[in-house]
Amino acid sequence: MKAKESVLVVDDDLDFLNIISRILKGKGYEVETAPSGGDAFLRLKELFYNAVIVDISLPDVNGTKLLSGILEIHPEIIAIMLTGHSSVQNAVESLNRGAFAYLEKPLDPDNLLSVISRGLEKQRLVLENRQLVEELERHNRITNILLNVSQAVSQSLDLQEIIDSALDTVARSTGLEANFIYLGENDHLRLKGHHGLSKRLVQSMPKEISKNSGVIGRIFGEAGSEIIEELVRDTQTDLNFLINGGYHSFAGVPLTILGESIGVLGVATSFARYFSSNNVELLTGIGREIAIAVRNAQLYEDASSAKALRELDSMRTEFLANVSHELRTPLAVIKGCANSLLQSDVIFDDQTRRDFLVSIDKDADTLTRLVDDLLMMSRLEANALEVKRKPHKLADVIYATKDRLDKLTARHHLRIDIPDSLPPVSIDDGRIREVLTNLVDNAVKFSEDNTTITIEVHTNGKKEVILSVADEGVGIPSEQQLKIFERFFQGNGRKTGRRKGTGLGLAICRGIIEAHGGRIWVESEPAKGTRFSFSLPVD
Amino acid sequence: MDKKNLLIVDDDPAILRLLSTNLKARGYEVITATNGEESLEAVQRDFVDLIILDLMMPKVDGVEVVRRIREWSNVPIIILSARGDENDKVKCLELGADDYLTKPFGIAELMARIKTAFRHRGDPTAAPAQSSFACDGLEINFAKRRVTVNGNEITLTPTEYSLLQHLAVNSDKVLTHSMLLQSVWGSEYSSEKEYLRVFVGRLRRKLEPDPKNPKYIQTIPGVGYFIATDVP
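For the protein sequence lines, the chains are S and U, in the order given.
Residues 1 to 539 (my numbering) are what the first sequence spells out, left to right.
Residues 540 to 771 (my numbering) are what the second sequence spells out, left to right.
Be aware that a few hints might be false.
[What the hints assert, rightly or not] For lysine to any residue, the following SDA-like pairs were computed, each having C-alpha atoms within a straight-line distance of at most 25 Å:
hint, chain 1, residue 1, chain 2, residue 2
1, S, Lys-207, S, Glu-177
2, S, Lys-362, U, Leu-555
3, S, Lys-445, U, Val-602
4, U, Lys-598, S, Ala-410
5, S, Lys-462, S, Pro-424
6, U, Lys-563, S, Asp-350
7, U, Lys-654, U, Glu-747
8, S, Lys-192, S, Ile-292
9, U, Lys-654, U, Pro-753
10, S, Lys-335, U, Asp-624
11, S, Lys-402, S, Glu-456
12, U, Lys-654, U, Asp-675
13, S, Lys-362, U, Phe-644
14, S, Lys-362, U, Gly-645
15, U, Lys-598, S, Val-323
16, S, Lys-335, U, Thr-655
17, U, Lys-654, S, Val-346
18, S, Lys-393, S, Gly-461
19, U, Lys-712, U, Ser-670
20, U, Lys-630, S, Asp-313
21, S, Lys-407, U, Leu-555
22, S, Lys-105, S, Pro-59
23, U, Lys-542, U, Val-569
24, U, Lys-598, S, Leu-341
25, U, Lys-542, S, Leu-341
26, S, Lys-445, U, Asp-600
27, S, Lys-445, S, Leu-414
28, S, Lys-335, U, Arg-743
29, U, Lys-598, S, Thr-366
30, S, Lys-362, U, Pro-643
31, U, Lys-654, S, Gln-343
Just so you know, the hints here were simulated from the structure itself, not pulled from any lab data.
The whole structure should be built from the sequences, with the hints applied where relevant.
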């Protein structure tokens, strides 16, 4: 039922008040009376009246002044001024100040009722209009917020970025101080992001919640929103951390796609009883936007990890084919030479027999190296590489390998540039020599004869010693530079007559250097040359 | 008899040495190449009777060498590769290689395969008693080793010709897989069913107007092949 419309009548003539009261009540209005301006003012401060009827000549206050005061408190009130003959001038001024009408005493009751009725009709229109505008503004605001959230979360396919920007946008556009997101993972919910919560609070937040327990679990499980108007300690244990942070009310909405929950968005504020169904409707909309973006990112992630797995698988298959090829090549020489010596249809001379034996010996070494590489790689994969570190001068380590390096670079010019004073480094010298030999061997493989290969050493702010091996060879295209340290990767541009390796050399180098706490990297420009460098920390 | 001239192509010097020594000791002339490009030059420069070819080589690889040589020459090609994958084998045979041997290999086996390849080149004295064969547009002159379809001359590799001759001489008889493998390639090939499938495919592509619906060489699935002379 519609509430009765209320009228306050202000007059010092008590009989008049009685009569007017009765007339208005008879027409269904709720009527109160005030015998003085002061009394009227007090009532108006307390309550809202739809209309006020004021005698312009009151004993305690000027009627037009009272009118101004009333309109200041209730701008939409319908004010009707009553005047005697003498005060028409004042009445006109009242109209200018915002009164709806003035009526002359003695009053014609019908006239009064019709004026009040018109006034209230106008008031209803104004109020309805205002409500419509407010509703429209609210819808606009919601649409804007949803649009903001939707834009923010669609900027990325990275799950964490989406969650962070969603939380940030929710905070900015709703003004809610604290918010957080849990996402479903197997049989529990995992905290994926938070905004506006202090470090201390975040530490005490549950990082994992069972899907069936607590407020968050319930919101997820039932795919329904929940408002807690006043948080009470220990009744919602999963939200205790909010109480500790001085938050009083909480709202949580499920992140849903086609009715299925994938997570929960929670918001909290330090005001009690803050959330209304309107807030929750908005938050639910935000939850849906976030859910779509999160699901997209998850699908994208699945698709790319499936792709990565396929790539890894094809790399492994290729690796096996390469390993098989590399094992068979020296085996072919060993078997072929031995088998030649066993054939009865041909008798070879001594020199040829010796040549066969030399080939067998050499390729048996090649096989051994290959098997060593494979073992080293499996040690690296199992994190079981031992490095026995002792203090060494890097110059000594390099010169101890000089013979081998000279042999490798017999068709190249080898330049070695080491400064006199280098801080000692704590290294497994055998392993580091392996890395150096491998890098020089690579430089030889990928550059023409008679070009220069340079070994250089320098220190970097006394914290690291850096060794680099530079060649003037074919170079490495930039798209391959990141991949060359991966296992099984084979570069292009090997020179004629060079056997393809296992694709393990640089992966092994990286493993050895990282086991020393250093880094290894490459700089290269196609057709100009390549520089491999590694750093070793100074003790 | 003139010495046969063999080209060996391999990027591994140890393999080149091993093969050269063995082949020379058995009376062959040998030239070597260490990559695909050199091998193509050698085939064009020298008279080559047979090629032993590695697959994984820098610059032009072995598969590409087979493809390019087959554009103008039917010289027998034996692939000698450390890649033992069945797909590699089929791919090379389909492109026109005659044989595929996986490293490591036995010397005797390699020598037998070289002999098989030369046998396919044909010794005129080994021509069949009948002088020719004709069937619905397909004509074979055994003495001249000449094949025509509707009067157009068809160029076949020695192995392809051997297979066709065997089917034609035994026309209207079903020849099983192992019969064909043994008589065309040799007893050591009797389990190489892929060879038959690939070479019959190669023949059909050269002879048949519609290789998918062959009219000359008929398949009996799981059993073998035959040429039917009473084509409807």
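Against the structure, the hints come out as follows:
1. S:Lys-207 x S:Glu-177: holds (20 Å)
2. S:Lys-362 x U:Leu-555: holds (15 Å)
3. S:Lys-445 x U:Val-602: Holds. Lys-445 of chain S to Val-602 of chain U sits at ~23 Å (cutoff 25 Å).
4. U:Lys-598 x S:Ala-410: Given pair Lys-598 of chain U, Ala-410 of chain S holds - Cα atoms ~24 Å apart, limit 25 Å.
5. S:Lys-462 x S:Pro-424: holds (11 Å)
6. U:Lys-563 x S:Asp-350: Within the cut-off at roughly 16 Å; holds.
7. U:Lys-654 x U:Glu-747: violated (30 Å)
8. S:Lys-192 x S:Ile-292: Judged against 25 Å, a Cα distance of about 16 Å means the pair holds.
9. U:Lys-654 x U:Pro-753: violated (31 Å)
10. S:Lys-335 x U:Asp-624: holds (20 Å)
11. S:Lys-402 x S:Glu-456: holds (14 Å)
12. U:Lys-654 x U:Asp-675: Violated. Lys-654 of chain U to Asp-675 of chain U sits at ~34 Å, over the 25 Å cutoff.
13. S:Lys-362 x U:Phe-644: Status holds; Cα separation ~18 Å.
14. S:Lys-362 x U:Gly-645: The given pair, whose Cα atoms are some 19 Å apart, holds under the 25 Å limit.
15. U:Lys-598 x S:Val-323: The hint holds at about 21 Å.
16. S:Lys-335 x U:Thr-655: Holds, at roughly 22 Å.
17. U:Lys-654 x S:Val-346: Roughly 17 Å between the alpha carbons, so the hint for Lys-654 of chain U and Val-346 of chain S holds.
18. S:Lys-393 x S:Gly-461: With a Cα-Cα distance of about 17 Å, the restraint between Lys-393 of chain S and Gly-461 of chain S holds, given a limit of 25 Å.
19. U:Lys-712 x U:Ser-670: holds (19 Å)
20. U:Lys-630 x S:Asp-313: holds (23 Å)
21. S:Lys-407 x U:Leu-555: Judged against 25 Å, a Cα distance of about 23 Å means the pair holds.
22. S:Lys-105 x S:Pro-59: Answer holds: Lys-105 of chain S to Pro-59 of chain S is near 17 Å, not above 25 Å.
23. U:Lys-542 x U:Val-569: Holds - the C-alpha atoms of Val-569 of chain U and Lys-542 of chain U are around 10 Å apart, at most 25 Å.
24. U:Lys-598 x S:Leu-341: Since the Cα atoms of Lys-598 of chain U and Leu-341 of chain S sit roughly 34 Å apart, the hinted pair is violated (cutoff 25 Å).
25. U:Lys-542 x S:Leu-341: holds (24 Å)
26. S:Lys-445 x U:Asp-600: Holds, at roughly 18 Å.
27. S:Lys-445 x S:Leu-414: holds (14 Å)
28. S:Lys-335 x U:Arg-743: Violated - the C-alpha atoms of Arg-743 of chain U and Lys-335 of chain S are around 39 Å apart, more than 25 Å.
29. U:Lys-598 x S:Thr-366: holds (24 Å)
30. S:Lys-362 x U:Pro-643: Holds: Lys-362 of chain S and Pro-643 of chain U sit about 16 Å apart, inside 25 Å.
31. U:Lys-654 x S:Gln-343: holds (17 Å)
Violated hints, in rising order: 7, 9, 12, 24, 28; the structure is consistent with all others.
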